[in-house]
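As you go down the protein sequences, you meet chains P and B in turn. Residue numbering for the first sequence follows the numbering used here, starting at 1 and increasing by one per position. Residue numbering for the second sequence follows the numbering used here, starting at 1 and increasing by one per position.
Check before you lean on any hint, since a few could be wrong.
Here are some, though not all, of the chain P residues that point toward chain B, as calculated from beta-carbon distances under 10 Å [said to hold, decoys possible]:
no. : residue
1   : PHE44
2   : TYR189
3   : VAL271
4   : GLY275
Anything over 10 Å on all C-beta distances counts as not near chain B; from chain P, calculated [stated by the list, open to error]:
no. : residue
5   : PRO59
6   : SER178
7   : LEU228
It is worth saying that the hints were derived from the structure and are not from the lab. None of the values given here were measured: they were computed from a predicted structure. Cβ atoms here follow ideal geometry from the backbone N, Cα and C, with glycine treated the same way.
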Amino acid sequence: MHSSTSNSERPFFIALVATFAVLLVGYELLVRAGRVDSSRGITFFEENIVKAQQLRDYPNRRKESVALGSSLTANLYLPSLDGQFVDLAFRGGNSLTGFEILQESGHVPKFILVEMTDTLKSGLDKKLLRQQQTTGFGTLRSFLFQTRQEYRPISVGVHDITSEVLKVELRGTKTSTSEDARAKAIAGYVRGQSAEYSPKESADLDASLDALKSFVDEYLKKGTRVVLFNPPVSEPATKAYRYQEFLIRALNKFPPETYTWLKIHPRKDWVTNDGSHLVKEDADVYAAWLLQEVKQSP
Amino acid sequence: MIVGFFLKLVIADNIKDYTWWIAFPYYEVVSFKTGLILILAYSVQIFTDFAGYSLIAIGLAWMFGYELIQNFNFPYISQSISEFWRRWHISLSTWLRDYLYFPLGGNRKGKFRTYVNLMIVMGLGGLWHGAAISYIIWGLYHGIGLAIERMFADLLEPLWKRYKLEGALGWWVALAKGLFVFTFVSFGWLLFKLTTSTQAIEFVIAMWRNRAMPLDMSVAAPVILLSIPPFIYHLLATPRGMALRKSWSEKSPARYRRLEACAFGILLYFIFANAGSSDAFIYFQF
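Just chain B, with the same shape it has in the complex (with noise of 0.2 Å):
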C-alpha cells in the first residue's frame, strides 16, 4: 500500500502538473525533443496513477482480510505487445481474452481469423473505456500492434530459433524490444490523453513542425527525476533486477529485510513531504 501510495501522491500528482502541456492549444508550442519527453511523462503518469491506485486496493483489501489478483505487474518491461497486455489491466484483459478473444475462436480458427479476432476483442476493449471514436482508434491501434506482431512471429520465429539469435544477441534484443514496445504503447496514450483523436495528430505534426526548436529543460529535468523512481520499480522487475534481489535475500535475509524497511521509510517520508496536488485517479473515468 505504500508503493500504491508513493506512486500516486509523489509520482502522479506531480507529474500530471506538466503533462497538461499535451493538450490543445498548448502542444502547438512544444518542440519535439519535449513533446518526446511529454509522451514519456504521461506514460509514467497513467501507469503510476493507476498501479498506484490498483496497490492501494489491494492492500486496502488485504487489511480486511481479502485477497484481490495483482492488476498490473510491471508492463513497461514488456519485450511484446501481447506481453504488455498480460502485465497491463490485468483484470480487464483476462476478461476481454475469456469472454470475447476465445469465445469468437482464438486462435484456432486460422491465422488470418487470429489477426481479426484481435483487432475486434481490442476495438471493444477500447470502447470499454468509454463511448468515443478515439478509445475505439486506441483499441485497434492495440489490435492492429498484435495482429502485425502475430504476423512477425509467425514468419520470424523459425528463423530466429533456427539461427539461435535470441543468445547471440540476447541483452540487446531484449533492451530494443522493450524500448519498441514502450515507445508503441507510449504513442498509444497520446489518444486517452486528448479529447479528439484528430488533437493526437496534431500533436505529433505539432512536435514535427516544432523540431528545430530546443528542449525545454525546465519541463525535462522535473519529469525524468519524477521516471526514475518507477523505472527503478520496474528495474527491479527484470530478470537481472530478480536474481540479485534474490542472491541478496539469500546472503543475508536480516540484512535484506532491514534494506528493504528503509527503502519503504524512504517512500513514507516522501509521502509525507512531497505528495503533489491532489487529483481524481484517471481511471475513475471510464
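Just chain P, with the same shape it has in the complex (with noise of 0.2 Å):
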C-alpha cells in the first residue's frame, strides 16, 4: 500500500482545497447576489432539467397554466407569447413525462394544455426523472443554488457567450436549413413514419396512452381544464401509417365527446425542418393561433 498523506504534501492539499472552497463559496456569493444570469440550458437534455427544476425550486414562479408535451411543443415557446404559461414540453420526451413532474412538484394548475403526438410511446423519460428524483439533491439546491442546472458555470458561460457576445439565438427552431437538407429529412420521417408500430412499440404506446389517460382524469376530478392538442406536421406526414393510426388510438382512449380536442389548424403547407418540427416562422403562426383557440375553447 501507498503511504498516506506525508508532511510534506500537506501545502499541496491545503492549497488544493482553498482553491476549491475559494471557487464554491466566491461562485455561490455571485449567483446569490444576482450577478449570474441563470442559463436556460445550452443542450435539450440540460433544458428539460431546468424546465423540470424551475416548477419545484420556484414555486412563487408558478403559473396557472401549464402545456405538456415533446419538442414539438417546446418549439411553440408559448411562455413568451403568454405569460401565464409554464413549459413543461421536453425535448425528447413526451406529455407523459410532463404530467410526472407536474404531479411530483404538487401544483395543480388552472388549465393544461397535452400534445397529443405518437412521442407518447417511448414512455416517462427515466433519465430526467432519475435526475429530478435522486435523493438529497432537492435539498442541496434549496441551500447551494449554483447546484441547480440553470447556474452550472460552463452553461452559464456558454450561455452569456452565445447571447451576449456572439449575440446567436439559443432557440432551437432553425431556419437554416436548406431546401434540399429539408427535404432528403423529410422523406426520410414520412418514411420511418410509414412503418407499421412493431409488437413492442404497439404494446408500448397502449400503455402510455392508459398513463396519459389516468394523469387527464386525475386532473380533471381536481378541477383543472384539461385540452389535448395535435401539432401540425408537414402534409405527407400525415398519410403516413403512424401519424392516422395514432390519432385513431386517442381518439378512441380520448373520446372528442368526453375530453376536449383542440380543432385541427386547416391549413396544411406547414413548414417544417425535418417532417415534424415546424420552422420558427410557421412555430409562431401556430402558437398565436393555439392561444386564441384556447381562449375561445371550452
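Once you've looked at the hints, go ahead and assemble the two chains, each given alone in its own frame, into the complex.
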C-alpha cells in the first residue's frame, strides 16, 4: 500500500482544498447577489432539467396554465407569448413525463394543454426523472444555488458567450436548413412514419395512453381544464401510417365527446425542418393561433 | 484520478449532448462547418471518455497498491498514424503488436508483406471492438493509413534527411503533420459513432450537400469551449509544453507545486459544479 499524506504533501492539499472552497463560496455569492444570469440550458437535455427544476425550486413562479409535450410543443415557446404559461414540454420526451413532473411538484394548475403525438410511445423519460428524483439533490439545490442546473458555470458561460457576445439565438427551432436538406429529412421522417408499429411499440403506445388517461382524469377531478391537441406536421407525414394509427388509438382512448380536443388548424402546407418540427416562422403562427383557440374553447 | 473524473464527467458527459447530431436522420440537416465541429467534438468525447476512464482506473488501483500501465499518452499530438497507435489505447495496441504483428512477421519479410501485415492486424484490431462490418472497415482504414504512411516514409525519408527539411521547416511541419493525423483519426471515428459504414458515408455527403448552410454557433460555441481543456492538456505534453513545465518546476519547485494544487482544485470544483448527465463509458460496449 502507498503511504498516506505525508507532511511534505500537506501544503499541496491545503492549496487544493482552498482553491476549491474559494471557487465554491465565491461563485455562490455571485449567484446569490444576482450577478450571474441564469442559463435556460445549453443542450436539449439541460433545457429539460432546467424546466423541471424551476417548477420545483421556485413555487412563486408557478403559473395557472401548463403546456405539456415534446419538442414539437417546446418549439412553440408558449411562455414568451403568454406570461401565464409554464412550459413543461420536454425535448426528446412527451406529455407523460410532463404530467409526472407536474404531479411530483404538487402544483395544480387551472389549465393544462396536452400534446397528443406518437412521441408518447417512448413512455416516461426515466433519465430526466431519475435526475429529478435523486435523493438529496433537491435539498442541496435549496441552499446551494449553484447546484441548480441553470447556474452551472459552463452553461452560464456558454449562454453568455452565445447570446451576449456572439448574439446567437439559442432557440431550438431554426430556419437555417436548406430546402434540399429539408426535403431529404422530411422524406426520411415520412419513411420512418410509414413503417407499422412493432408489437413492442404498439404495446408501449397503448400503455402510455393508459397512463396519460389516468393523469388527465386525475387533473379533471381536481378541477383543472385539460385540452388535448395534435400539433401540425408536414402534409406528407399526416398521410403516413403512424400518424393515422396514433390518432385512431388516441381518439379511442380520449373520445371527443368526453375529452376536449383542440380543432385541427385548417392550414395544410406547414413548413417543417424535418417532417415534424415547424420552422420558426410557422411555429410562431401556430402558437399564436393555438393560444387564441385555447381562450375560445369551452 | 481528479484529471480522469474531470475528463469523463465534465468534458465527455457534457460534449455528448451535442454529438447526438451525428446520428441518422439528424445529420441530414447539419451544415459542412457544423459537421466539422461535430467530428472534432466526437474526437474529444471519445478521448476524454476513454482516457478519463483509464485514469480513474489507474488512480483507484494505485490507492489499493497496484500500478497499472498508462493507457493513453496524449494521442492527439501524434505526428504520424503509427505514433498515434503508440499513444492510443496502449494496452490493446501493444497486445496487437506482440501477439499479431510480430508473429505475422512484422517488418522482417519485406516491404510489401509489412504493408499487408499492418492491414491484417488493424483489421483484426477493428474486429476486436465488435462483430460489425463498420469496425472492420475502421480497422482497415487505419491499416491502409499505416501502410501508406510506411510507404511514403520509405520513399521520402532519404530525401527528407538529405535536404534537412525537418530542421528547416521545423514547427510548421510538426503542426501540419499533427493536424493531418488528427483529421485522419477524427474522420475514422465516424465509423465508431454511426451504426453502419453507409451512414458514415451519408454523413460526409450530407455535410457536402449542406455546405452553403451557416455554422450553427449554438453547437460550435459550447463544443469549442469544452474542447479547450483537453487541448491544453495535450499542449502541456508537447516538447515545448514539457520544457516550459520543466523550467517552471526547476525555477521554483514549491510555487510550481502550489500552482499544480490550484489547478487540481479548479478541476475538482468543475467536477462538483458542472458534471454532465451521467452516461456509460463508450468503451463499455466493446
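Going down the list of hints, with the structure as the test:
With 10 Å as the threshold, the beta carbon of PHE44/P comes within range of chain B, its nearest partner Cβ sitting at about 7 Å, so the hint holds. Below 10 Å, beta-carbon pairs count as interface contacts, and TYR189/P has one with chain B at about 7 Å; its hint therefore holds. The closest approach between the C-beta of VAL271/P and any C-beta of chain B is roughly 13 Å, which is over the 10 Å cut-off, so the hint fails. Taking 10 Å as the C-beta contact cut-off toward chain B, the hint placing GLY275/P at the interface holds, the least distance being around 9 Å.
At roughly 25 Å, the least C-beta separation between PRO59/P and chain B is larger than 10 Å, which holds for a residue marked as non-interface. At the 10 Å boundary, the C-beta of SER178/P falls inside the reach of chain B, the nearest C-beta of that chain being 5 Å off. Look at LEU228/P: its CB is around 28 Å from the nearest CB on chain B, clear of 10 Å, so calling it non-interface holds up.
When each numbered hint is compared with the structure, violations occur for hints 3 and 6.
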